[in-house]
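Engineer: Here's the letter readout for the chains.
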Amino acid sequence: MTAFRNSFPLRAYFFGLIGLLYLPILILFLFSLNSSTFLSFPLQGLTFRWYEQLFDSDALLRSARNSLMVALGSSSAATLLGTMVGVLMLRYQFRAKGLLVAMAVLPLIVPYIVLAVALLLLFSVLNVDRSLLTVGVAHTVVALPYVLLIVGSRLAGFEANVEEAAMDLGADYPTTLRRIVLPMIAPAMVSAWLTAFTVSFDEFALALFLAGTQPTFPVYLYGQLRFASRLPIMIALAVLMMVGTLALVLIAERVRRVD
Amino acid sequence: MKPKRFTLYLAQAVLVTAALILTACGGQPADVPPGELTGTLSVLDWAGYDAEDFWIDFKNTYPNVTVNFEIGISDADIYAKMAAGNQADVFHPYTGWLQFYVDEGLVDEIDTSKLTNWDKVPEHFKQIGQFNGKQYFIPWDWGFTSVLYRKDMVPEGVDSWAALMDPAYAGHISMWDDGPAAVTISSYVHGYDETAITDEQLAAIQEEWIAQRDLNLFYWAGEPELVEGMSSGDLWVAYAWQGAYATLLGSGVPVAYANPKEGRNSWVGVYGIRKGTENLDLALKFLDAKLAEATGNNVVNLFYYGHSNQDVMSGITDEALKEAFSIDDPSVLETTNFTPNLTAEQRDAWTAMWAEVKAAP
Amino acid sequence: MDRRTTFWFLYIPPLVWLGAFFLIPLALMFAYSFRPDMRGDFFGGWQPSLDQYSKLASTSSYWRLLGVSGLTALIIALSAVILSYPIAYFLAFYGRQRAAFYLVLLLVPFWTSYLLRVMAWKIMLGTEGVINSFLSYLNLINEPLTFLLYNRSAVVLTLIYVWIPFATLPILAALQRIDTSLFEAAADLGARPFHQFLRVTLPLSLPGVFAAFFMVFIPTVGEYVTPLLVGGSRGSLYGNIIQDFFTKAANWPFGSAMSMVMLAATLVLVAFATRLINMRDLLE
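Residue numbers (the working numbering), protein chains in the order written: chain A, 1044 to 1302; chain B, 361 to 721; chain C, 8 to 291.
Bear in mind the hints are in silico, worked out from the structure with no lab data behind them. From the three backbone atoms N, C-alpha and C, an ideal C-beta is built for every residue, glycine too. Mixed in with the good hints there might be a few duds.
[Claimed, not checked] Covered stretches of chain C, as calculated for chain B (at least 3 residues, CB under 8 Å):
id, stretch
1, 10 to 20
2, 92 to 103
3, 128 to 138
4, 233 to 242
5, 245 to 258
All chains should be built: construct the whole structure from the sequences, respecting the hints.
Structural biologist: Right, dumping it as structure tokens:
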């Protein structure tokens, strides 16, 4: 079934790369326990106090919550809109198709800073206050192309005649979409949603320009980078977020295996 | 009644009612006790200043007023936002960047009689915020810029701004990422008139900083980068504000803050009120509270920046801070150069020069 | 509801969203690039002029930098795709039930702040960092290596690291939809595993590979954060200059002009590349 009989090199490569990817995380973890505020070796001493101080840090926690909300909203919107464009692109013929697809893909080409200022201009003209909503709107725009590429790639992979068969059997198109197409592209949609979530949660350039009085976590972090004394607390939160996500994933995996 | 007449009477009734309502709540009456004053104030400020420590007097006096902060990441960012129509009531620019607000009508004159702490501000600070004899800005934080250096790596000491371009320190220099600052340094070193830099001088300055780029390890954008670099020994010589100096002194890193023969530089941060704000009264109260002692003490002790309230500065006891502000050495202030205000043309030319330095092959 | 009505349901929302929050803002910015300076309101008080574009045209260092940024992005994208292909392959064919778990494992570091991860790389590459400490511990070096950080190579390394998980996703999606019976057919016809890969897997996964390449290449051309943090004095890319004009120089008209030029250049590049790829499809 697979192209290579011996999977060891591949396996070694995968886990080796994972190790490399996690190395900076490990370093961050070490510094979150460091009693000095300077980010250099050797470590001065071990302490948990940054983690303690973290929970007193309202603004920091709020920024993390803000990032979560924006990411959830924008990734869901992007997945929805991107899938719509994908279906249109691969199952319909219409005159303005090229234009729509171009519009959906073009955000990839626009540097975030450019889009950030462009949206700032728009919101200034419309007299709309900057807020988490404006950040979410921007994130949806930039995540859309990723969704389109991922879901579209999957949609392109199977023929439309499965759908035709369903319709021959009497199903109308929305039902066909729902019961035939959607299940088949569901894994791709999940993959796309995860991508969009990652894009949004981490995103800095757009959030910096478009977040009003409520910063997202990266924006808050960037602001605090000015003050070395605040850095260990930020790192502590980042490590906690990561550990939390990892824990969730492990639990989900356990649950799945029990099934 | 005929429809037209009815409409007329209705309109009159509405107008009268509206007038009555408006008069009833026309602005905040002066006799509302501070503890019960409500409203919302919006402030455009630099990151970190939204922390309560830096407006603690206002918070304690008017606990029911909501203060919303919007963050600007640089003077240029703050100016661009205000010029583009940002609705913040109060904003925080620094010397050098004040002229445009006045020229473009973005700020209103401030009625200093409403500021109870105004008499604690020394005269030379008051003048920083004055244009054409009118007070447009309230000075708040201030500090020095000079050359910070590692005593152990540079035992001969530093006595001139030219140290930032000295090949002896190649790979261990860090300059602040700012074009006007670069022009300032060059004009100190070569004796140019900062307020009247010619095109030829600017071209020479550009060449100079392109050459300096090969000696420069990285341009720092925020004090933590600078502090890290100095403490790890990567940096020996750097353009720095005294906040970094005080931080490093406090951690035991062997650093010194130069007194260059051309004189140190000094900058002042000010607060201005946006022209056309509806929260003028709240804004004035906010600025007044900014000048108060508890807030001032926090600026000095948490940021290691100076504060414009005389009493705050004379109350400093920490040795490292006194050293950083050269409180015991008044001769330093005499040779200090204060940042003049840029014109719009200078701003465009000098920032473009810096961009070309960074883009040069 | 029939197919036609469904069409409008699918068509209007994305169209409106993209029109309002993508096309119109860019059009506004295009208009902005014709402003002579920052004075005056949005729509009034200024005469359109080509000042910004002529200033841009006469500064050769910016054009050169645009080229360098493109080249750097190319290197990063190619490397990221090549390095992530085996990961996608592993996940698609060896993951089995654990594939989703491994995938999330891959993505989880990216739910940590990008800024902090780049700072962590700074620590790894720095003179007192992990690599240097390790090498001097092994007595392989006497002085710390200074060339690891604050240059363009550091930017390239860090960005490849950042992009690998993203590049994996489209390739994985493409690999997953390959009909596995094709492998059996190839094996039955006597093809050895490596030939199966070259003749069956790789060509069928190419759309995903191209998608991954562009997904990395294009945003990287405008990248400015990593060069700022690890690039040092000489590491500035075109995106840094644009960012400087917006945030340090308060010169939005010039920044807008530079952005428009970059957009145009990227569009041309993409159009050209798409043509190339279409020809490839035609050849097969």
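Engineer: Does the stretch 245 to 258 of chain C contain three or more residues whose Cβ lies closer than 8 Å to a Cβ of chain B?
Structural biologist: holds (count 10)
Engineer: Are there three or more residues in the stretch 233 to 242 of chain C whose C-beta lies closer than 8 Å to some C-beta of chain B?
Structural biologist: holds (count 5)
Engineer: Between the stretch 10 to 20 of chain C and chain B, see if three or more residues pass the 8 Å beta-carbon test, and mark the coverage as holds or violated.
Structural biologist: violated (count 0)
Engineer: Take the stretch 92 to 103 of chain C, compare each residue's beta carbon with every beta carbon of chain B, and decide whether three or more fall closer than 8 Å.
Structural biologist: This one is violated; 0 residues, fewer than the three required, reach chain B with a Cβ under 8 Å.
Engineer: Residue count check for the stretch 128 to 138 of chain C against chain B: does it reach three with CB-CB under 8 Å?
Structural biologist: n = 3 at 8 Å, threshold three: holds.
Checked against the numbered hints given earlier, the structure breaks hints 1, 2 and satisfies all the rest.
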